[in-house]
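Q: Now for the letters of each chain:
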Amino acid sequence: MKVKGKIIKYGDNVNTDEIIPATYLVSTDPEELGKHCMEGIDKDFLQKVKQAPIIVAGKNFGCGSSREHAPVALKGAGVKCIIASSFARIFFRNAINIGLPIVESEDCVRECEEGDILEIDTKKGEIDNISKGKSFSIIPYPDFLQELIEKGGVGSWFVKQEK
Amino acid sequence: MTISQKIIAVHSGKEEVKPGEFVLAKVDLAFANDITAPLAIEKFKKWGCRKVFDKDKIVLIPDHFTPNRDIKAAQQCALMRKFSKEYGIKNYFEVGRVGIEHIFLPENGFILPGDLVIGADSHTCTAGALGAFACGVGSTDLAAVMATGKIWLKVPASMKFVYRGKLPAWTTAKDIILYTIGDIGVDGASYMSMEFTGPVISELSISSRLTICNMAVEAGAKNGIIVPDKTTEKYLRERTDKPYNLYQSDLDADYIDIKEYQVEKIQPQVALPPLPSKTIPVSQIDDVKIDQVVIGSCTNGHLEDLRLAASLLKGKKVHPEVRVIVIPATPEIYLQALKEGIIEVFIKAGAVVGPSTCGPCLGGHMGVLAEGEKAIATTNRNFTGRMGHPKSEVYLANPAVAAASAIKGRIAHPEEVV
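Chains as they are written, first to last, in the numbering used here: chain X, 1 to 163; chain W, 1001 to 1418.
Worth flagging that the hints you see were computed from the coordinates, not collected in a lab. Glycine included, every Cβ here is placed at the ideal spot set by N, Cα and C. Any given hint could be a false lead.
As the list claims (entries may be wrong) - Chain X residues, not near chain W, derived (Cβ > 10 Å throughout):
1) Gly5
2) Gly34
3) Gln47
4) Lys50
5) Lys59
6) Glu114
7) Ile117
8) Lys124
9) Asp128
10) Ile130
11) Tyr141
12) Gln146
13) Glu150
Stated by the list, open to error - Restraint ranges, calculated between C-beta atoms of paired labels, are given here:
14) Arg1307/W to Lys132/X: 55 to 61 Å
15) Glu32/X to Lys1090/W: 29 to 35 Å
16) Ser137/X to Pro1199/W: 43 to 49 Å
17) Lys124/X to Lys1090/W: 49 to 55 Å
18) Lys1055/W to Lys132/X: 52 to 58 Å
19) Val1095/W to Lys132/X: 53 to 59 Å
20) Phe144/X to Glu1086/W: 28 to 34 Å
Here chain X stands alone, though its shape is the one from the complex (with noise of 0.2 Å):
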């Protein structure tokens, strides 16, 4: 799958406090979640993704807590893939499950500033920094993956697997 646009970028740490604060829970609805996605730590995010639907963060994104609320806003709110030097390994499955494609670089994230236009191939395994005429690979997704991403998550997927 490929995706292309302009990035926003964030540092270390980004936790699932900031990506969805815990008094929103009360709801599971991707829209309404999204209407508060990083609120805590970026005001004008919303208006930001509208234009630049691609983050790329620092190191151990999507710590804290469990809630798959924090990949559902994410995406709800147009966020179409999430680079990162590391991610924290339950947000890690949580935004595979639900069909969000994330991708660890450091190298592309130490390479790029906020509003350069990047695009992700996670099938080639490669993320080209189309403003900076720069490449990065990355591990590619294995097939099971491409296609659990692409069907946008891993219900479908996963109940096929068991009948």
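Start from chain X and add chain W according to the hints.
A: Positioned in the frame of chain X, the structure of chain W alone reads:
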């Protein structure tokens, strides 16, 4: 193999597993709360699942926004209640008979050594204190477990933490884990198993061990675990007659790292906002005036925590500009605290004692902070906006430091009030 790896191997029908290997493991207990269960139930229904894998092995616990904070929270609990009835899940616990999941479950004999436990809550790692492999997941994973009784796992590498020496006065299990997270960082054990061991751990009560394992996730760990011993077995005898399996790590087990600590060096700690790893000894903190104190949560809502806080507050008054909220983690703890006169100590000091709930820990209800306010809490997270307004701040500490701060109106060492 380490104890964590052995439990995973047994549950995936293998003689041996290696770190990094993917396995499909059988789950002994799956649970969710009023935040994570609704999303899991939604998925479960969407997939067209007709029954749960085992109605006795699923526990649904409304503890986060209960007693129902508002209409939306009430709807979430109503959904859990309906789902439990529809699928014959008898282990749904109602307000008044329910406590904070990570303390309620072991207290009621749901957690057994050697079990593989999956919970839709990051602090599921708490249960490792009884020698179970317990790991937090999100709602979709939990839905798949409810449907199939299985979960795919990547076998974690293990990190060993050895504690030796004599604990200084006022240093508790909370300080041990805060100090450790301060040492290795909030991603210092990412994806790994944290195994806590050594003579200091052997001497700790089960409550204290639960406190330590509770915060393994704050270092990014997949699970925290303590090899079960006589203390574990004594605790279990009072709570269950079910059989269980005792595992221990092999003497030649591989650890990615071994950290050794002399606990004499560990003073009571405070984690400064906004990360649990920003720890300093309380004696080195500047003058931090506080607005609120929270004593409770899945980390420190145990009876021994309340006893410790009460020992400092007895016969004293809470600072006039401070609000103190005490939350016994379960009805059993609440009742025992009542019998021991601890609840009276808190009320006479000017604290409020709330029902067993997660309450303000995650900014849900019962003590949310306003803009610019500061709290010291015995909870586990101090991220930006955790307890309320994005411009409020949370400092993490043990119950004695919290109680001393309540009296002084600023973050204080327990020695200042005795």
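Q: Give a verdict on every hint.
A: Here is how each hint holds up against the structure:
With 10 Å as the threshold on Cβ separation, the claim that Gly5/X sits away from chain W holds: the shortest Cβ distance comes to roughly 25 Å. For Gly34/X, the shortest C-beta to C-beta distance to chain W comes to about 15 Å, beyond the 10 Å cut-off, and the non-interface label holds. Listed as outside the interface, Gln47/X is consistent with that label: its C-beta sits roughly 17 Å from the nearest C-beta of chain W, beyond the 10 Å cut-off. Distance check on Lys50/X: its Cβ is at least 22 Å (rounded) from any Cβ of chain W, clearing the 10 Å threshold; non-interface status holds.
Residue-level check failed: Lys59/X sits 6 Å from the nearest beta carbon of chain W, not beyond 10 Å. Glu114/X, annotated as away from the interface, keeps every beta carbon of chain W farther than 10 Å; the closest lies near 20 Å. For Ile117/X, the condition that its CB be more than 10 Å from all CB atoms of chain W holds, with the nearest at approximately 29 Å. Its beta-carbon lying about 23 Å from the closest one in chain W, Lys124/X satisfies the requirement of being farther than 10 Å from that chain.
The non-interface label for Asp128/X is consistent with chain W: the shortest C-beta to C-beta separation is roughly 28 Å, beyond 10 Å. Even its closest Cβ contact with chain W, about 30 Å, leaves Ile130/X beyond 10 Å, as expected for a residue assigned away from the interface. A cut-off of 10 Å between C-beta atoms confirms that Tyr141/X is not in contact with chain W; the least separation is 15 Å. The claim that Gln146/X lies off the interface holds: its Cβ sits roughly 17 Å from the closest Cβ of chain W, which is beyond the 10 Å cut-off.
A cut-off of 10 Å between C-beta atoms confirms that Glu150/X is not in contact with chain W; the least separation is 16 Å. For Arg1307/W paired with Lys132/X, a C-beta distance near 60 Å keeps the hint of 55 to 61 Å intact. For Glu32/X paired with Lys1090/W, a C-beta distance near 32 Å keeps the hint of 29 to 35 Å intact. Remark: the range hint 43 to 49 Å for Ser137/X to Pro1199/W is upheld by a beta-carbon distance near 48 Å.
For the hinted restraint 49 to 55 Å between Lys124/X and Lys1090/W, the CB-CB distance of approximately 51 Å keeps it satisfied. Checking the proposed 52 to 58 Å range against Lys1055/W and Lys132/X shows it holds: the Cβ atoms sit about 56 Å from each other. Checked against the hint of 53 to 59 Å, the C-beta distance between Val1095/W and Lys132/X comes to roughly 56 Å, which is consistent with it. A hinted range of 28 to 34 Å holds for the C-beta pair Phe144/X and Glu1086/W, which are about 32 Å apart.
The structure fails hint 5 only (numbered hints given earlier).
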